[in-house]
Amino acid sequence: MRRSLTIVVMLLVLAVSLGLYRLESEVKILERRLAQATTQLEENRRNNRILAAEWSFLSQPSRLQALAQRHLDLAGLAPAQIGRLDELPLKPPPWDADGNLNSNQNGGQGGSSGAAAIPDVEPSGKPPIPGRKPVKPLHNRNNKRSKDGRIVLADGGRAGQ
Amino acid sequence: MTAPKAPGAAPHLIGSKAQAIQTGRTRLLTVALVFAVCFIVLAGRLVELTIIREPGKTLAFVAAAPTKSTAGRADILDRNGILLATNLMTASLYADTRVVPDSARAAQRLIRVLPGLSPATVRERLATGRAFVWLKRNLTPSQQRSVNDLGIPGLHFRDEQRRLYPHGALESHVLGFTDVDGNGISGIEKFFDRALRDRGPQGRALQLSLDARVQHVLRDEVMAAMTRFRAAGAAGLVMNANNGQILALISLPDFDPNHPTAAPALSRFNRATKGVYELGSVFKVLTVAMALDSGATKLRGGYDATKPIRVAGFSIRDSHAKKRWLSVPEILIYSSNIGAAKMAMDVGRDGQRNYLDRFGLLRRPSLELPEVGTPISPARWGDLSTMTAAYGHGLAVSPIQFASAFGAMVNGGVLMPATLIKRQPGERALGVQVISARTSNHMRRLLRAVVEKGTGRKAQAPGYLVGGKTGTAEKPGVGGYRRNALISSFVAAFPMTKPKYVVYLLLDEPRGDAGTLGEGGAGYTAAPLVGRVIKRIGPILGVRPVDDTAAHVRRAMAMRLYSRKQVSRKRTSAVN
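Protein chains in written order, with this note's numbering: chain A, 3 to 163; chain B, 1467 to 2042.
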């Protein structure tokens, strides 16, 4: 019995030391990875700072102004161009006074009579820009008018949001 | 007792043996117990450290510890978080000259890749035989590579911090600069030198109240005007009228803080905060405000401005002379020196000093810059001083100081100390009520009238309801004032219904051109400049333009002139 106890203890010692060894080597590997990660972190931080400085350098207002003047056909913002969303006039709906739709039910967005009844999307009367999709009108033919005369959007008003 | 004698020793022996074993066992057990307790404690501690406490905590601490790249001076940001000053690690080249084999040849090769170095200095330094000599600080990465490619033994690099200002000269007079060792020499860098150096473990940045976009617009426009009018210098600032925060502050000419010594010393002089000037007619705003506030006169009151005033050998005359009785609004609109001088006499010498002191114009103002000028006030404040101070002569103050006082005239009467540091949301600025809200309301209408009908017409920025006042002052010279050396300035606030921002621009010795009919006065030089600046910064600052012809706007800004084109002497004296 004493011998078996000794054997058990020896096996235990063996197992523990083996486990300890593996644990230690694992810790060493982790430590190395931590050191690598720290170095990487340090390098990334350093690069980050350089990039932040470069970003600030490249986005200097004077540089942006020079670039905008050279490449963009834009002028300064005039007070008349600034407004709130609720100041925009709603386009007249595509119904006539009797509540009948002006458009034929199957009319497309393009040259149909329905689209013609809606005032031009661009008030300046510019020709449509080639290659650009025509803007979908807010008051599409699926919209209905409620009893008190208010417009109920077919999509619950999501289109405008 | 009955036990045999012969083996009598045996039981004793057996007894002692058993006892020894017993003792041994007890000791072993004690030791084992002690060890067990120790191990249980250790195991418990292990469980506590690894499982009970969140393991991320210790790791996060390691990650947050200051490292090489975050150590050093703190960054400086503008109010929107744009980087204005930062520290970068750069390599600096030094030599261990004992190891460099052929110093003359090494110098020659080094100069080929670093053309900025002087050949004589490099040769001299490499020949000293010392273990450490600097060759060039703060190399770019590509320069560092080309030096490495030379393969000269004895050349080494040392990582160094370098202060970098990505916007160059744009914020130069606010930020200031540091020396090569990172000590603040001027501006914010000097004022907050300690704080920037001993920043916390998180590496907190210093956030200024400046807005880089507004700063750029101001500098861009003022630079253009300075070139056009061939001015010697200029200063300008944009300030929040309600909390004193400075959104832009320039002084021209300025310098590149990355190479501060490249510019002449005069470029490093901050005209907006350090320079004190006799600002001229912009002071009439203060004179009218103190006269109305103290009750010395009323809006419908007025003064006879037919003839120049002669006092103590001087004569005070009007540059836009109307040669008639002028009401208080007219005195401001037509910028009458005679009217302002008489008005100041009604306020009285002590009253005027009292008010000017309350407006913060007789003391050095507080600002987060080391370059703050002390105002120069007359040593003996007699009647003449009272009269001249009424229209901004004989008393020299800095533009920043005047802008703060002007802010109080329009914001409801509260003087807010100027600041360059961004206030945290919810942090309340503490001000002092210096004039009544009622007087301030009158001043807003009066200043709007100056721009609508008076000398400040060219400062109009449609939609932004600009109100303001011109100021043209002759610069003092030897034995009097110099007629052709002017300080032309314009002070404005917008929108006048509820002023949000104060703009003050000053041109030093502008010379008129054909477009201004040769006039260098403020109405032709500084006023249109302010109008242009407001047109550009209004949208940036989110000020909603209004229709200035709308009925409710006209009503809010209405100001009767109480003009009397033909006045009998009796009525004049009655009013006076």
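Wrong hints could be hidden among the right ones.
To be verified - If the Cβ cut is set under 8 Å, some of the chain A residues that face chain B in the computed set are:
id, residue
1, Thr-8
2, Arg-51
3, Leu-53
As the list claims (entries may be wrong) - Simulated DEER-style distance windows between Cβ atoms:
id, chain 1, residue 1, chain 2, residue 2, range
4, A, Val-29, B, Leu-1495, 33 to 43 Å
5, A, Ser-19, B, Ala-1486, 52 to 62 Å
6, B, Arg-1511, A, Ala-37, 38 to 48 Å
7, B, His-2018, A, Ala-80, 45 to 55 Å
8, A, Gln-83, B, Gly-1984, 49 to 59 Å
Hints in this document: simulated from the structure, not taken from any laboratory.
Each residue gets a CB set at the ideal place from its N, CA and C atoms; glycine is no exception.
What are the numbers of the hints the structure violates, in ascending order? As far as the earlier hints go, 1, 3, 5, 6, 7, 8 are violated by this structure, in ascending order.
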